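K.L.:
Here are the chains, one letter per residue:
There are 2 protein chains.
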Amino acid sequence: MSLEEKTLHTEEIYSGKIISLQLQDVELPNGKTSKREIIKHPGAVAVVAVTDENKIVMVEQYRKALERTIVEIPAGKLEKGEEPSVCARRELEEETGYECESIELLVSFYTSPGFADEIVHLYVAKGLKQKENAAAPDEDEFVNLEELTLEEALQYMKEQKIYDAKTIYAVQYLQLQEALSKK
Amino acid sequence: MSLEEKTLHTEEIYSGKIISLQLQDVELPNGKTSKREIIKHPGAVAVVAVTDENKIVMVEQYRKALERTIVEIPAGKLEKGEEPSVCARRELEEETGYECESIELLVSFYTSPGFADEIVHLYVAKGLKQKENAAAPDEDEFVNLEELTLEEALQYMKEQKIYDAKTIYAVQYLQLQEALSKK
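Top to bottom, those sequences are chains A and B.
The working numbering puts the first residue of the first sequence at 8, with every later residue one more than the last.
The working numbering puts the first residue of the second sequence at 8, with every later residue one more than the last.
Rather than coming from a laboratory, the hints here were simulated on the basis of the structure.
On a predicted model such as this, the values are computed, not experimentally measured, just so you know.
Please note that a few of the clues may not be correct.
Claimed, not checked - Listed below are the simulated EDC-like cross-link pairs for lysine to aspartate or glutamate, each with C-alpha atoms no more than 20 Å apart in a straight line:
hint : chain 1 : residue 1 : chain 2 : residue 2
1    : B       : 24        : A       : 19
2    : A       : 42        : B       : 11
3    : B       : 42        : A       : 74
4    : A       : 13        : B       : 185
5    : A       : 133       : A       : 74
6    : A       : 13        : B       : 148
7    : A       : 189       : B       : 185
8    : B       : 42        : A       : 90
9    : A       : 42        : B       : 185
10   : A       : 13        : B       : 158
11   : B       : 84        : B       : 11
12   : A       : 24        : B       : 18
13   : B       : 189       : B       : 154
14   : B       : 24        : B       : 106
15   : B       : 13        : A       : 146
16   : B       : 47        : A       : 74
17   : A       : 87        : A       : 148
18   : B       : 39        : A       : 74
19   : A       : 168       : A       : 90
20   : A       : 84        : B       : 153
21   : A       : 138       : A       : 185
22   : A       : 168       : B       : 11
23   : B       : 47        : A       : 19
24   : A       : 47        : B       : 74
25   : B       : 47        : A       : 124
26   : B       : 138       : B       : 154
Based on the sequences and whatever the hints tell you, model everything.
P.N.:
Given below as structure tokens:
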């Protein structure tokens, strides 16, 4: 069965700094119609970065949507036309002060396919080196650097300090690498 | 340093069937002001369900935001006041026709903390039993059932048929369980 939903009409409700919102009338596979609320997002990158001391580099950040801080792997939105790996190096450096020798794509994924087209490109950075000068996030971005062992990160998950999709995926990835290395 | 952003003003831009959109003026930690675009979402559940034949239960679903189908673990939005584990059993049954003996919370996570408060409660279902009558999704929901081995799921990830946060987390979780059981 074809599952496609044809667009009958698109209404632009809002177009903002980061996201925009569309309301679409669609034709369902059975010929009936329905409405879809869709958020357009430029996409983002995130970085798994582990130091020579085997600490995972993270940032504590206030998330207004959640009205609290959470601890996340370094991440940020793609600028228009920006190559994701360039963005990943930039965000790592801006948020944490770490440069890296190499950076490689691990996986890309949609965060909320039910209502948003946001995609996250998740990178693994190798060969970290702390820069002399401090980190310089965006002017409306304030973060605290945290460096966690894998055990500490798992504890943070239990305490719901680590609480978002990209970061729990990253922590589980490092758990998996450890489990595979011990086989 | 306190990272809190105080709300100065909230404007409701849109309130819809599933999501709503707010534009907030906030005071940053340095006293300056900025704007935050925030999507409110009722939250969702998702289910890791593995059959007696060691197949992962998934559904192919058209995602209008992506203009394509992807293959996902069973999932759905929370109804108002609904207990997440009840919702998880319901969505598993409606989308796949499988009932389960037990269902246990694995982890909860925010999908897009930068702009949305959507939380996903991810459950593991045990003791699957296919019901006699066919699956009955919502009236505007059309899905195809897929049952995949772990190897097939990993191949689907490479082919970007599996392409969303909850599902790649679930696949990696099963990989981790397999790696740990072989230690």
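K.L.:
All the hints need checking, so say for each whether the structure fits it.
P.N.:
Hints and how they fare:
no. : hint              : in the structure
1   : 24(B) <-> 19(A)   : holds (16 Å)
2   : 42(A) <-> 11(B)   : violated (36 Å)
3   : 42(B) <-> 74(A)   : holds (14 Å)
4   : 13(A) <-> 185(B)  : violated (41 Å)
5   : 133(A) <-> 74(A)  : violated (33 Å)
6   : 13(A) <-> 148(B)  : holds (14 Å)
7   : 189(A) <-> 185(B) : holds (13 Å)
8   : 42(B) <-> 90(A)   : violated (26 Å)
9   : 42(A) <-> 185(B)  : violated (41 Å)
10  : 13(A) <-> 158(B)  : violated (33 Å)
11  : 84(B) <-> 11(B)   : violated (29 Å)
12  : 24(A) <-> 18(B)   : holds (15 Å)
13  : 189(B) <-> 154(B) : violated (23 Å)
14  : 24(B) <-> 106(B)  : violated (28 Å)
15  : 13(B) <-> 146(A)  : holds (16 Å)
16  : 47(B) <-> 74(A)   : holds (12 Å)
17  : 87(A) <-> 148(A)  : holds (19 Å)
18  : 39(B) <-> 74(A)   : holds (18 Å)
19  : 168(A) <-> 90(A)  : violated (30 Å)
20  : 84(A) <-> 153(B)  : violated (33 Å)
21  : 138(A) <-> 185(A) : violated (28 Å)
22  : 168(A) <-> 11(B)  : holds (15 Å)
23  : 47(B) <-> 19(A)   : holds (18 Å)
24  : 47(A) <-> 74(B)   : holds (12 Å)
25  : 47(B) <-> 124(A)  : holds (16 Å)
26  : 138(B) <-> 154(B) : holds (16 Å)
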